[in-house]
Amino acid sequence: MKAKLPFNPHGGSNGNLERALREAPVPVEPEAEWRGLEVVLAAYAERRPRRRSTSLPRLAIACAVAALLAALLLSPAGASVRDWVDDVFSGAPPPPPRPGLTAIPGGGRLLVRAGDGPWIVAPDGSRHRLGDYDEASWSPHGLFVAAAAANELSAVAPDGDEHWRLSAPGTVRDPRWSPSGELIAFRAGAGLRVVAGDGSEARPLDDSVAPLAPSWSPRGQPELAYVDARGTLRVVDVERDRAVGRATTLAGIRWLEWGGRGGVLLEGSPRRIQLRPITARGDRNGVALGRPRAFHLPAGEKVADVALAPSGGKVAALLGGRIGGVRRSELIVFDARHRAPVRLLSVPGRLAGLAWAPGGGRLLVGWPRFDEWLFLPTGVAAGQAQAGVSEAFAPGGERGVFPHVEGWCCRATLHDDR
Amino acid sequence: MATEQTVFEDAPPSLSARRERRLVRAAQEGSTEALAELYAAHWRRAHRAAYLVVHDRAAAEDVAQDAFLAAVDALDRFDRRRPFAPWLHRIVVNRALDWARREALRRRVDSEEAEPIALDQPDLGDELMAALRDLPPEQRAVVVLRHLLEYTPGEIAAMLELPRGTVNSRLRRALDSLRETVEVDR
Chain A
4 MKAKLPFNPH GGSNGNLERA LREAPVPVEP EAEWRGLEVV LAAYAERRPR RRSTSLPRLA
64 IACAVAALLA ALLLSPAGAS VRDWVDDVFS GAPPPPPRPG LTAIPGGGRL LVRAGDGPWI
124 VAPDGSRHRL GDYDEASWSP HGLFVAAAAA NELSAVAPDG DEHWRLSAPG TVRDPRWSPS
184 GELIAFRAGA GLRVVAGDGS EARPLDDSVA PLAPSWSPRG QPELAYVDAR GTLRVVDVER
244 DRAVGRATTL AGIRWLEWGG RGGVLLEGSP RRIQLRPITA RGDRNGVALG RPRAFHLPAG
304 EKVADVALAP SGGKVAALLG GRIGGVRRSE LIVFDARHRA PVRLLSVPGR LAGLAWAPGG
364 GRLLVGWPRF DEWLFLPTGV AAGQAQAGVS EAFAPGGERG VFPHVEGWCC RATLHDDR
Chain B
46 MATEQTVFED APPSLSARRE RRLVRAAQEG STEALAELYA AHWRRAHRAA YLVVHDRAAA
106 EDVAQDAFLA AVDALDRFDR RRPFAPWLHR IVVNRALDWA RREALRRRVD SEEAEPIALD
166 QPDLGDELMA ALRDLPPEQR AVVVLRHLLE YTPGEIAAML ELPRGTVNSR LRRALDSLRE
226 TVEVDR
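From first to last, the protein sequence lines are chains A and B.
All letters in the first sequence, in the order written, are residues 4 to 421 by this note's numbering.
All letters in the second sequence, in the order written, are residues 46 to 231 by this note's numbering.
Simulated from the structure, these hints should not be mistaken for laboratory data.
This one's a predicted model, so the numbers in the text were calculated from it and none came from an experiment.
Any given hint could turn out to be false.
Below, a sample of chain A positions facing chain B; criterion: calculated Cβ distance under 10 Å [to be verified]:
#1 Asn-19
#2 Ala-23
#3 Val-29
#4 Val-31
#5 Glu-36
#6 Val-42
#7 Tyr-47
#8 Ala-48
#9 Ala-254
Anything over 12 Å on all C-beta distances counts as not near chain B; from chain A, calculated [said to hold, decoys possible]:
#10 Glu-21
#11 Arg-25
#12 Pro-30
#13 Glu-32
#14 Gly-39
#15 Trp-122
#16 Glu-138
#17 Gly-194
#18 Gly-223
#19 Gly-255
#20 Ala-283
#21 Pro-295
Ideal Cβ positions, reconstructed from N, Cα and C, are used throughout, including at glycine.
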C-alpha cells in the first residue's frame, strides 16, 4: 500500500523519508574518498604548525594510497593495473627522513642544479655553488665540470676555478664529456658541436638535432650517439667525422644513454622505454644497431625520467600517472634481460630526478612534496631519506626551487657501493 | 579504465563522542593518523549530504573535499568540547547551498541557449530523488539536515543562520512538495 509522507518538523517520525535519504544510492566514483583524503592530508601537512614527526604524513599518505590501490586492484576498474602490478614486487615504504643534507650514502659527489645554478655536494654533505652557470655535467673522473651559461661553455674545476671558456653560435645545452676525457659534445642552438677537452678545436657535428642530450660510447672510442631533427638515431665517429650507424628511434624521444660497456643504448620517450643492443664491428669499424626491445609499462602511466644503471643491466624509470583520479609516481627498476621488474617506491604526488650511484648499488630520487632526496638501495641495504633539501641549496635558508641531481660522480673512480 | 559511475552504500564507521574528541585533539596537535580517521568516519555522510543538496556527482565530491579542507584550515580554532560532525555538516551544507545557488543562477543566465542541466541522471529509479531534485536548494538543504543528518530545527537554524520559523516553513513547504509527487511505503 502506498501512503503520503507524514510531516513532523519537531520529531523523528518521518521514518520513510529518513530511510530513503539514508539508503538512496548516491553516484560516486569508488576512488573519490581516497582522492579527497590525499588532498586533505597534503593540505594538513603544509599547514600543520606542530609537527610531531616528519615521517607521519608520509606514512599516513602512503597507507591511504596503499588502501586505495588495494581497493582499486580489487575492483574491475583496477584489473589492468592488477595485471601489471602482479608482475612486480611490492615497493617498500619510503625510509624515514633525516633532517638536513648529510653524508652521501655510498660516497661519491653530486652535481646538483638548484634555483641559482649548479652546486657541488661533497661526500660529507658539505656543498658549494659552482658559479653563474645554467647547467653542468661531470668529466669522467670528476676532475672537471663542463658548465653552460647562455651561449658559452666552460671547463670548471669542482672548486669553481674556471679553466677555459668558449662562445658558441646559440644557447649551449647538454654538455657531455667523453669517457676518455678528450672531447666534449654539446648542443648549441639547434645544432650539435664538439670541442676538445682543453677547449680547442670546436666544430659543428650536425646543424639540426633533436632537443636531447647526446651520449658517448662508454667503450672509449670517440663514438657519439644523438638524434637528428628528423628523429633518426645516429652514431658518428667524431674523430673521423664519419657516420657509423643509424636507426629509427622513438617518436618524441627525450632520453638517450649509451651504457653497459658500449653494448646497450637506452632510448626513452614519455610513452615508451626501450633498450637497443649495440655491437662493435671491430676496432673503429663502426657499430651495428640492433633491434630495440621495449619494456612493458602500466597502462596510463607516463615516463617522467629514466636512467641506465652503470652496468647497463638495469633501467630505472620514474613513472607518473593517475589510478582513478589519484596522481602518483612510481620508481620501477627494469631488468635488461626482461625479467620481472621491481617497484622500489610508489608514492602520491611527483617524484623528480633520478641518478644511479656510481657503483649501481643505489638510486637517488627527489620527492619535492616533502623536500626530500631518497637514497634507495637496489639490493638489500636500508634506504635513507634526507629532508630539507631545498633549503640546503638556498642561500639565506629560504626554501627555493627543488634541486635536480645532474650527476653522481664518478663511475670511473668508485667501486660498487653495495 | 575506471568505472565512470559507481553506486555504493555508505555506512560510516561510527565513533564514540569520547573517541572523536581524542581524535580532534590529536589532529590539532599534529597527528595525521587522527585526521585520516576523522576523515574516514565522516566523509561518506558528508558526501551524501552534499550530493542530496547539489545532485551533481562532481560537485558533491568537490563540496565534501572543500569542506574538509576548510575544516583543516580552521582546526586550530575548533572547540574540541563540541562534537565534530555538526561543525563539519554546517560547512558541507552551506557550501553545497552556495554551489546550488550559483548553478541555479548560471542556468538562468544560460537559459536562452536551452542547455540541459548538467545534473547526474543516475539510473536510480527513485522517485524520491527526482522529487528532491525538483525542490529549491534551500529546501533541499533543510530536508537533508533534518531527515538525513537528524538535526533539530533549532540546530538547523543555527547552522544556516536563519530564524527557526524560516527553517520550519522551508521544511513544511519541502515536504508538502514531496507529498505531491512522491508516495512512500508506510
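Broken hints, numbered, in rising order? The structure breaks hints 9, 10, 11, 12, 13 and 14; every other hint is satisfied.
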